[in-house]
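A.B. asks: Mind assembling these two chains? They're in different frames, but the hints should get you there.
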Amino acid sequence: MQAEAVGTLAVRRASERIDERELIRSAQHGDPEAFEQLVRSYDQNVLRMAFNLLHSQEDARDIYQEVFLRVYRNLPRFRFDCSFSTWLYRIVANLCLDQIRKRKVRKESSAAVETANGELDRLQFIPEHRADGDPQRQLMSAEVKTRINEVLDELTPRERIVFQMRHFQGMRLRAIGEALGVTEEAAKNCLFRATQKMRAALGDFV
Amino acid sequence: MNCHQVQVNLSLYLYGELDFAQEEALERHIAGCALCQQFLAREKAWHTGINSGVSDAPLDLLMQCRQELRTVIAQQGAKRNTSRLSRLGLSRMGWTGLFGVAAGRWSVRLALASFLVFIGFTSARWFQRQSLTDGMNGGAISAMSVFDPSSAHIRDIRPADNHQVRILVQQVNEREVTGTPQDQSIRELLLAAMQDPADPGIRVDSVEMLQGQGGSDVRDALLRTVRRDPNAAVRLKALEGLRQFSSDPTTRDTLKFVLQHDGNADVRSEAIDILAPVNQRFDITPDLAVTLQQIMRSEHENDYVRARCFQILRDVNAPLDVY
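Line by line, the protein sequences give chains A and B.
Following my numbering, the numbering of the first sequence begins with 15 at its first residue and continues without gaps.
Following my numbering, the numbering of the second sequence begins with 1214 at its first residue and continues without gaps.
In isolation and in its complexed conformation, chain B is listed as follows (with noise of 0.2 Å):
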């Protein structure tokens, strides 16, 4: 390879779409070309800097996509039905036309209700009773009349005897629960919840839930967010909670770490605003001066951060690079 097509090849080889030869070539070529080596931290500068364009949509817009998509799909599904019932004519004759009973007497339909109680009962017993026999019989499970394929995950399947066969499943069993955030095994699940790695909504909606909770539990956890959850609106939203929180020193200690390490502008404006509340009183010790002046030493930190360093640290006349 020359350097020319070294340098027309840069971006695919940081892609990672070169071939396994032609990737070997451009980094034999680079390792002795010193034009090339400049011409490749050139490329990896630009591909960084648009990296760092992406941004996510804001999660309130998913928040509101899924519920409108919800809302949508409901109403697409309901008008589906209507139209199969019309097709199928039953819509207009009503459920009593099938049984071919005019439905205009209460007699009548109160007959009819009884009936169909009487077939319910009567019905549901005998499938009883021959579940049994047949379990007696075979010795195998025959209760897929309350088995529900679609949330369950075959993990097994063996022949068994009698030309019969064996399916190990696991079935994931939804449960609707109810409570206050007071409730333990709410608080319990809602704790939880804001470790769901897959659903920053789920991690967001759980945070607020507990806003306003008090105990070590509730403290920790929003901590443990503040510090490690990927995703910055959550990591705001964690925040928030912490404000009660905020005279304990573990969680000053946590909010300096993030005045420092966090990646996100609004992250760290709402840690400085919770350490030194704007227009209220507080006490500056040592170690936050020391962090302020860190931050004021830092080029590229942004306006409103530095802003209140500066005015902080004015305030307490300390002075800006020592303490």
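One chain only, chain A, in its complex shape (with noise of 0.2 Å):
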């Protein structure tokens, strides 16, 4: 029974990802379950780029419900032109853009987060590593942690979502284009600043 039952789950995941432009035609037509089933492969992304970029669950809660509120709305007017992730990441990208300049504005404190239990410091969400010898992790010193954060924040906010997309979500340069609205090239330069900034801001400590 518990190897059928996990035949089926399996089975229905497959089909799930089997394809994903039939489930984009069904949300298209109205299906709910096909719109959560997409919802669902995407949404863990978005949050987690969210919350990366905007050091903030409820920022981030917010992000998350206009992106798909805009997708909802949106989808039938989807015309296959590019890909759904493409799509989906360009309505990402656009609003954390948004809030990162409002922020800019405010200049927040670059290591707080809000949580539940108030106001924490970023590093402490930072998951910890076992020492295990390896000499790259023993550089990683609370101080050159904090650094990187203060960097971080330096970056434009064209730099710092390039970096994010890259660096946290393993986005490719041609994809991170497409999204952002602009050539592989432009942001292939974008990636080199903000490393360029990484680097010279972190020489004194790594």
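Read the hints as simulated data drawn from the structure, not as lab findings.
For clarity, every value in this text was computed on a predicted model and none was experimentally measured.
Ideal Cβ placement from N, Cα and C applies to all residues, glycine included.
One should not assume that every hint holds.
To be verified - Have a look at the derived ranges for each label pair, beta carbon to beta carbon: (1) Y1517(B) - P90(A): 51 to 57 Å; (2) R1440(B) - S99(A): 29 to 35 Å; (3) V1390(B) - R87(A): 46 to 52 Å; (4) N108(A) - A1247(B): 41 to 47 Å; (5) F1523(B) - R87(A): 54 to 60 Å; (6) P90(A) - S1459(B): 50 to 56 Å.
Said to hold, decoys possible - Only part of the chain A face toward chain B is listed, based on derived beta-carbon distances under 10 Å: (7) D57; (8) L187; (9) A208.
C.D. replies: Here it is as structure tokens:
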């Protein structure tokens, strides 16, 4: 029975992955189940990206809602001119860029994160890795981590989002360019500037 | 490529964003240049360091977002349907208005309802007969009325005789099953859901539902989750479920493994609290003491786990380095 149940789940998951296009078409025809499956395929990545960019649960939640509401409202007009993920990440990137720009005005503290228990240091959320004799990890003292966060906050909004998409989301530069509506070369230059700044700022630390 | 060109391109190289020729030239240069090898090591160091800075959004936040989105979309869908009806002028008129009947009198309503039931029954019989006739004539499945294309995957399409087409359809039918976690079928579904690779939310929910349930099948599933689940929140939840099995030797071995090897500090803290509950009497075995001593020697262990190890070893008068 358990094997059968695992099999059923596996078939369900496999059939979810088989054809995203069909899923989108069903959602366009008003199938709520299809829309929900579509959301679940991407929402963890969207939320993680917003959370890591904005360092705030509240803002990440707002971005999540706004992104998927826009997808819901505009999905009937989606014509497969680009991939669904490109379209989705374009929405995410634009909303996050707006939010970061607003933040820049307020100049928030770089290492502070809002949580249910109040404001905490962002470093507490950094997954800790056990010492295993890896000299690279030993270099990562708390001081270096703090400096990295400071430098990330000093990047321009566009540099920061490109860096986030490439480094944390693992997106290719071509996809990043498509999502931001710029050429691959422009995205590459943006990433280049971001990494140059990181390198220069961390030169004394590592 | 010279040293300067290599150094400015190191990041793009690590991201795999250089073209093939550039990548080869860079690797050739690095192989023979000690200075650039140093720069590469440094570049890798901060890349790795920043990698450790990425954090998953909390699972409860994800669940909350999904719930809120579902609610908002349900509201929007309802509004949309209402406005469609308004546009058609149906919402105020009522369904009886469609038939040009005033709905004020009960006798008229009853007659109309009986008429609709009669129409429904007769047409169902007629369609059933028609579909059987089609099936006998054409030999093909003509039950498309019970077929839901949105939950189906088409596996194969072939031409058939008489200008017909044969379609092989794989359809997943969703079912709702209700019962208590003690029911065998529910229990097996929950155990299976604990291994669902796609959705940590489903895994957390299934672990939660199985908490407090005895039995080696539950214990083994929890042990597997604690050792292998990629999501720290799911591992933490499974550890909570393992508290009731804390005296079991297999469970204790797994907890020791977690204490030494898990990458998440909260998970390790939970593991040591189960192995050696705070403010409770417990027996410390030699192998547990050795594990604690190993952790004490680990320079980068988090403060809480180190403090607990120190306290436990001190309480049994064991040396901190050699037992």
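A.B. asks: State for each hint whether it applies.
C.D. replies: Verification of the hints:
Between Y1517(B) and P90(A) the beta carbon distance is about 52 Å. The supplied range of 51 to 57 Å therefore holds. Hint check: R1440(B) to S99(A), Cβ distance near 32 Å, so the stated range 29 to 35 Å holds. Between V1390(B) and R87(A) the beta carbons are some 34 Å apart, a value that contradicts the proposed interval 46 to 52 Å. The beta-carbon spacing between N108(A) and A1247(B), approximately 45 Å, falls within the hinted interval of 41 to 47 Å.
Distance hint check: the CB atoms of F1523(B) and R87(A) are about 58 Å apart, consistent with the given range 54 to 60 Å. Take P90(A) and S1459(B): their Cβ atoms lie about 54 Å apart, and the range 50 to 56 Å holds. For D57(A), the suggested interface contact is upheld, since its CB lies about 7 Å from the closest CB of chain B, less than 10 Å. The criterion of a C-beta within 10 Å of any C-beta in chain B is met by L187(A), whose closest approach is roughly 5 Å, and the hint holds.
Taken as an interface hint, A208(A) checks out: its beta carbon lies about 9 Å from the nearest beta carbon of chain B, inside 10 Å.
Violated hint for the displayed structure: number 3, the only one.
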